[in-house]
Structure formats: structure tokens, C-alpha cells
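**Q** Listed below, chain by chain, are the residues.
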Amino acid sequence: MHESMLDYAQRRYLKIALVLCVLSIIAYAWHDPLSPPNGGTWLGYTLGGIGAALILWLTALGVRKRSYSSSVGTLRGWTSAHVYLGLALIVVATLHTGFQFGWNLHTLCYALMLIVIGSGIFGMVVYLRYPQLMSSNRAGAKPDVLLEEINDLDQRALRVANEMPRRFADVLRSNREGTRIGGSTRAILGGLDLSTINLPAVGGASQQVSNSEQAALLDWLGDELARSTDGDLTKRIGDLLSVVATRRNQLRRLRRDAQIRGWLEIWLYIHVPVTLALIGTLIAHVVSVFLYW
Amino acid sequence: MTTKVAIAVVGSGPGGLSAAARAAEVGVSHVLLEQTAAHSNTIQKYQKGKHVMAEPNILPLRSPMRFEAGTREKILGEWAEGLTEHKVNIRYGAEVVGISGAKGDFHLKLQDGSEVLAENVILGIGLQGNPRRLGVPGDGLPCVQYTLDDPDEYKGETIVVVGAGDAAIENAVALSKQNTVYLVNRSGEFSRCKDGNLALILKTVEAGKVICLYSTQCASLSETPGGEKPYLLSLNTSTGDMQLPCDRIIARLGATPPRKFVESCGIKFPSSDPSSLPVLSTSYESNVPGLYVIGALGGYPLIKQAMNQGYEVVEFIRGNPVAPADEPLLAAKFAGIPGHRSVSDTLQAMQQRIPLFTEVNPLMFRELLLGSTIHVLNPGDIVFKRNDYTNSFYTIFNGGVEIQIDDNNPAKRIPLMPGQFFGEMGLLSGRRRTATVLAGKDCVLIETPRRDVLKLLSSVDAARAVIDQTFIVRAIQSGFAPQAKTADLLPIAAKSKMNRYKAGQVVFSEGDEADALHLVRSGSLAVLRAVGGREIVTSYVAAGNYVGEMGLMGNTRRSATVRATVATETISLDADTFAELLQKNPALRSELEETVRQRIASNTRLQGQDNAGALISFLLKQGLGEATDVLLIDETLCVGCDNCERACAATHGGTSRLDRAAGPTFANVHVPTSCRHCEDPHCMKDCPPDAIRRSPNGEVFVGDNCIGCGNCERNCPYGVIQLAGPPPEQPSLASWLMFGSKAENVFGEVQGLGRKHHHHHHDDGHGAPKAVKKAVKCDMCKGQDGGPACVRACPTGAALRVSPEEFVAFVQQEASRF
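Read top to bottom, the protein sequences are chains A and B. Just so you know, the first sequence maps onto residues 1 to 293 in the numbering used here. Just so you know, the second sequence maps onto residues 294 to 1111 in the numbering used here.
What the hints contain is simulated information worked out from the structure, not anything from laboratory work. All C-beta atoms in this analysis are idealised placements derived from N, C-alpha and C, irrespective of residue type, glycine included. Treat the hints with care, since some could be wrong.
To spell it out: a stretch of chain B is covered by chain A in this simulated footprint if at least three of its residues, at any positions, have a beta carbon under 8 Å from a beta carbon of chain A; those stretches are [stated by the list, open to error]: (1) 808-822; (2) 920-932; (3) 1077-1085.
The whole structure should be built from the sequences, with the hints applied where relevant.
**A** Below is the structure:
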């Protein structure tokens, strides 16, 4: 009834891409130019022309994606074709070079193309794998629901702490203020926990320490529990420990969610700008070839 | 003090104001009685700054009072000026508690004991009714209010909200932001509110923001000068009495409908149906001579209609027969009918020729025609095609039509004569047309919208009976016995029964004697089987299909339990009647045997998949039982790019009608907040200008004549209708080229605790809206090539639309994957 972009129309575009690759390879093998194979032979021009046309058409996905009223095919079909023909471009463009590389504009153009395709392959892998992970990590709870739950847990913890010596409420408030989700691109993608907390130190002052995975807070509460001799207080510390442990689990899910969404997006920050650079270089490559070769 | 006037107008809404102003203008002695302290109470209660529309646009205004579309304040201001300008004799705080007497000598008894004598009375009291009062000593104190305009007006007060309905819950939650709020609930739970509000109040109570007193009643209220709070409310709680010092009491106890009062004046209603309307003459006179009814109470909910009627009724009383304001509109409608001479002649001919309309009172018939379209067709023209969606009903005024019941055999047609009707099946079950209808010779048809027909059916019992009987015969013909003749079916129709089930009610249980087959007329059914002590859903039956044939064909006991998923109507044929029908139609027997085989195969397949039942149950909870087309998202494919939302916004003037991330998920199937296009749409039920319609392709859409009243938004159980103002600003070109809108990606998002994530199109509904807000909802991209933009814009194939016919196949596919 419904299928992923890779399976679109019984993998029509995979078949087209394979035919294109096979034809290019056969032509390359059969072709016996006077000079060593390069972009300047008739086959070189043909492959180059196909490659350049493919690059422009592949870029057009960005426009088609936003032409919401367009009825030129479906976006799923376009994406499917984009993936398979984009992969075929590796074969077409590589044969176009005739394996002549050097420190020049032409090789730069080829290298940029490989970066774009490489990031695209990465994106495709991420698109195939991560939605499932995101769905199971969320287990039906959206990030804003998780945030609300954490807020509710904080309220609950504070209500318990208000019945306890003051340091507990202070520590919990500092925990709430010091909790970080994401923070930097590295932290988002790495799923790092940069949270901090102010814990009472010797001499009445407080000291800021890392509270990754709520570990510092859980340790502190554990120490308090071990030291407590008041039955009522012991019970309340036990309550806090369970609330904080739940909070840690929800934070972990939230961070994992941001991490997955980060990876789903980050590759586009390479794919798209490098594509624009590629088109600039491509124009320079074509112009220079026709003017100066 | 007793005065006598020629005309007493009760109620100073648009109709009453207009009537009194006309009387003042022409110097007729009159009095306008308003029970509250301000005119137009219903409109006074609109939200601040609300834009009021002047629908229907085609109708000219006939009133000494000014009225055109504008803000609530502007309109109320103009009417206040009009009252002064025309020197209208208005009495505020004059609640009429009884009307007695007869034409020329009516006695109007007021709440304060005084009496008004009048020769004629015009009732324009609307449908809002009076809010139910607290009914305890002290409920007249100024701290008791029955409405809440702006919850942000109050800060730091102790406020007691009384009631357990949606209004009480919404008020309590809104007030809890800045005040200490107690909610007094007479019962032990909240059973009268929407699910969303139930979750909201339980959460707010759990968080300690609202203190809810269950099983508690108010006992008395008193002033406590010098106390910590100005008032003291005494309560009877389940554990004893309680004294609650407070600043303010907001009672949201619903309203008493005005019908009782109207009946006490001697005015008759044609049926006990709460939506039926009093019988009125063409001059708006009720069955009590000299007692006139105008506006919403008479069935005319729009402001302009009511104002026109106010003017006209005064003219009628003065003995000036004025042609109704709609006369030129009807004349234009009828112009194309061959032989049309005058509006009144044609109206009369229609009522004589069409039995269904004979009993309808002339005023109501006019209104029906005003909403209807007249079609003058050539022989062979298609009226509608099989599988078109519909919300209209056809009657034949002249000539005839032919119903083509079998697409494979176009020659097989059932002819219909003048005076007969068709299209009622689609109308009542909100489904696709079951046959194609072609025009015959000299064909003139009246096409009437769904809402107007339903209004007719609730008021005229005779019309309802005719339509029900015909529905049954035609349902049998199109459901199982297309070859059967109407004459053969009439006795069967007489024996078949209409059954109504509430959501969740059992139609029959596993192991029961199989004594009847059920044809689902509206709603849908779930088929369940007990496996290991638990009920598991094994199948789903949409309207237009039948269930129970398995037992009738061979077994004598039901092999499964069948339950209504939503409010459902079925037509049942009992076993004996069924055997008779099969005997007459041997072809039908083999067709049914085939259906039974298919259903057994499908059930076996579904039972092999452990999770299929759980998935069906989940989807049914999300309203798929009444959906005709629903957007689902496969979370294993969705990358969260939100291109679906952007596509929706781009194709609908900048506001997305879908919220992808919102909504529940089960087993990787996500149901986003998006219109289900219900079979019998909740949103359509109470739309004053009839702006919500179903197009021929099934989509339910909001038309341009929406007045922004918000009824549909409140009625939708799935929260998919929003009132939207102008669209948000578009991202700059550069940012569009790179990544679309930055605010929507994870790196641009500021993550922080305590920060609530507001969806960008929602707003709190308070404060002064800058522009007109209209209801917006999914229209399935009506008029766009290639279908809904959300599905077309999905790059990965995660978004898909499912209709009931594909529902079971979808579940099988999904269930095999997890």
C-alpha cells in the first residue's frame, strides 16, 4: 500500500541508473581514442554532458521539494530518482575524467562532487535507519511531552524537598537550572550531557560540578541517605532518588531524540552548500574547457 | 405601573432591536423589554474585538438600525446610537416571566411583579436561554457571575468556579494562572466534558493549580465585611460542611432552553425533538394570533435575517403586506423554470406537487427554497455519478430522472416521477452516491443542502417517515438486491427494523442465536472475538456494508461479537425475511456465499497477526471508525522534515491545517492532528451560516462565508479545526534556499526546561485579534491536481491517506512488519 522512496515504482530508477552505468562502462571499454582517455574526446564530451545535466537536475530537487503545487511526478519519485541517479553520477563522472587527476580546477570540481555524493550517501543511510530509532526512543511521547513530564517531576521533587532541610530544595533548584539539553552542535550530535549542579561543599559554600546523567545528584542523595538517621527524612530522600532517576531516564530520551534529529539534519549542512560550490566550479570548469583547451 | 402599547417586543437582540426601532420610526406605541442591563446580550457576550460577519451577503438589509460586518464593539455602538436616534422605548432589567391573553389584549408579567399590556407581542428571545442560577441564598450578590470574558482581568483573587462542563473547566484552568481557584463539582468525576478538557483538568488538579472539590454542592453565600475575603461560600462536601472565603464565584451550570417559556405562552411545536421549531405563518405569526416569533427562536440564526424580520413583522402588524426581503432572490432562482409566473404561484405548485413538502409551513418552505438550487436539465444530463460524495438531497418538480443502478449495464434504469425524491441515502449516511442519476424529459430538480433537509426532518414528522421507509427499500436494492423490484421489497421494508446504537454498544454477541443481518446505515462496527479471555478486534465494517450474514448462511450461532465504534444506525432484516428474499433471488445467494468466503479468509489472516487487533483498536480510538479519509504517518519512514506541514501551509494561504508531530503513535503508526473527514462530521452539526460542506469528492471544507463563531472548533473531537488569522511571515529568500525556515530545525531551536513549546499557529484566543479569524481545516487540497499536498510533498513515502475501504488491508500490511 505504501513503500519507502527506495522501493518506489518497483525500483524503476535503480534499473535506469544501472542501465546508465553499464552503458557508460561498455562505451568506455569499447572506445579507443587516439590520445589517452580524457574529457576531450567525443565520449568524454558525451559523459561530461550527461554528468553536468545530471548535476543540474539533481540540484533541482531542492526547488521541486518546495514547489508544493507542482504535479510534475511525486516528490517521492523525485527523491527515489535523486538517490539512484546521484549514485550513477559517480560512474559517469569518473569515466568522464579518464582517470586524469591533478591539482587543478577540474579535479576540484570532481572532488566537490564526491563530497556532495558522499554526504548524500550518509544522509540516505541516516534516513533509512534513524526514523525507526527515533520512533522507538520516543515510544509515543513527543519531545514537548517529555519536557512537560520533566517539569512535572521537578515540581514533585520540589514539593517533597519543601518538607525537608533547606539544602535539598537548594540542590534541586540548582539541578533544574543547571540541566542542559544540547547546547552546541557537538553536544547535540554526540548526545553529550553538559549539565552542572551546585552541591554544598565543606565550609558552607557551594561548588559547581558536572552533573552528567544526574550522577552527581544521585551520588549526593545517596550520601545523604547513608548519613540520615531520621526515619521521615530517609523516606523522603528515597522518594527524591526515585524521582531523580526517572528524570534522568526522560532526559536521556530527550537528548537521544535531539541527537537523532541532529544527525537527520546535519548532513544537509554539507550537502547543500557544497552543491552550490560545485555548481560554481562546474560552470568555471565548462567555461575554461571551451575557451582555453 | 401598567402601560398599554400596540407592540411589546420581548428581547433586544438584532430582531427585537430592529422591530422596536421600526415601530419607533413610524410612531407606533411600543416597548422593548430586555431582561439584562444591556441590549443584545448574546452579542455582548462575544469575545472582545470579535469580528461579526453580515451573512448572507446576497440578502439586502431592511431595518432602521445600521448593520454591516465589523467588530463586536462597532456594531454594538451603532445599535446603541440607533436606540437613541429613534427614541426607542427600551426597558432594561425587565424579565418577562409569562404571557397571557389574546390579540389586542396581551398581559406580559414581569419578574418584578409589574405588568405590560400590549395588543401584539413580538418574541425575539433567541436560543441562548437563561444561565442556570446557583439557586442558593445569596446568589444575587454581585460577586456571582455566569460568564467570563477575559480571565486575565483577575489577579491574586480566590475564585470559585461551579460546574463540571467544558466551560467550567476552561474557565478554571485559565483563571488558575493568576488566581487561587477552587472548582466545585457536584458529582464524583467529570463526565460531561470533552476528553481533552478531562485530561487538562485532571492534570491541573494533580499539579495543585486548581483545587477540585468533588461531590460538593453550594449551600449559601454571604458577605463578610472586614473578613480576609469579602464573601464566604458555604459548601456541603462529602466529608462535611466547609466554609470558603472568596472574592468571586463563576457559575457555569449551562442554560435552560427557552422552549418551556415559549410553550407556556401557548405556542406549539410540531414535535418533541429539541431542535424542532415553532410553526409560523408567512408573517411570522405563531399559532397564537397576535404573538409573533422572529430570529433564532423561529429558526433564523443569522443577524441580518433577524433584523429584516423585525422590520417586516412591524409592517405586517401595521397592515402593510411587504414582500419578504428574499422575494427578488427567489424570483431569480425560479426565472429559468419553464412556465414560471410568480414566486408565490411556483412555491404553491411545488408544495402541491411534491408530497414530502405538502405539510411544510409556507415560511419554512421559503427558507428551504432559498438555500436550494433549481436545476433545469436536458434529457441525459448527469445529475450525479456513482461514488460522488454528497451532502444534498433532490426532489423532482417536473419531468423525471432515471437511476442507473448497474454500471456494467447502463440500460438498466429505475425511473422516478415528479414529486419523488432521491439522494437521501448519501445524505443520511454521509457516504458516496450509490448510483448514477440521469435527467429525463422536461426535468426540473430542486437540490437542497443537507442541513436544510435535516432541519425539515426534525420539524415535520410526516416527512421523516416518508424518507425512512424509502431509505430502507433503496438500501436493500443497492446493498444486496439490485434486481429486486420495489413492489417485492415493500413488504420486506415493512418488516426490517431501524436500530440505533451508542458508541461501544453491542449489536450482537458471540454465541447468540444468529437471527438477523445488519446493514450499516451510518457509523461503523467492529467485529470482536474472545481469545484467551480478552476481546480482540478482528475486523471493521464501514457504513454501506453489512455484517451478520455468516450466521444466516449456515451456522445458527454468532461466531463473533459486533460492537458499534461510534454512534451507529443499522437496518436489520430478520432470518425469515432474509430467507424469503434469498428464495426470490438465487443469484443473491451465490453472491452472499462469496462474501462469506472472503470474510472468513480475511478474519483468519488478521487473527494470525497478533498485533493487528491491537492496531485496529488503536486506530478506532483515534476516530477511524467514523473517518472517510485519514492522514497516517509511518514512523519508520518519517524523517521529521515537516515538508508536509510546509506544503499544507503553502497551498492554504500560509496556515498549515495539519500538525505532524502532535497526535498519538502506536506501533510506528502515527495519527497526526489532521482532519479525518468524518462520515457524519461533528463540525457540520452547528454551523450558523452552513459554511462547512462536503464536496463531491468527500472532503469536508470550510467555505468563505464562515463567520468565525468557533462552533466547529469546539465540536471537533479531534481538535483539527483552528481559528486562524493572517498567516505568519515567510522566511527570507536566502534562508528558504538553504534550509527552509531556520526556526524549524533542531539546531536553531532553543532547548530549555520550563519553556513551553507552542505550536506556531496556535494562539491563546484572547487579546484583541488584529484581523478576522475564520475556521480553517483540511480540505484535502480541493481543486489541486494530484491530490493532497501533504502526501505529495513527503519525500520518503511516510505520509499516506487511508479510507475505510483500505483500512483492513493497511492494518494487515503494518501488522506484518512489527
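**Q** Take the hints in turn and mark each one as holding or not.
**A** Now for the hints, and whether the structure bears them out:
1. Residue count for the stretch 808-822 of chain B with a Cβ under 8 Å from a Cβ of chain A: 0. That is fewer than the three needed, and the coverage hint is violated.
2. Requiring three or more residues with a Cβ within less than 8 Å of a Cβ of chain A, the coverage given for the stretch 920-932 of chain B holds, as 6 such residues are present.
3. For the stretch 1077-1085 of chain B, the stated coverage by chain A is satisfied: 5 residues place a CB nearer than 8 Å to a CB of that chain, which reaches the threshold of 3.
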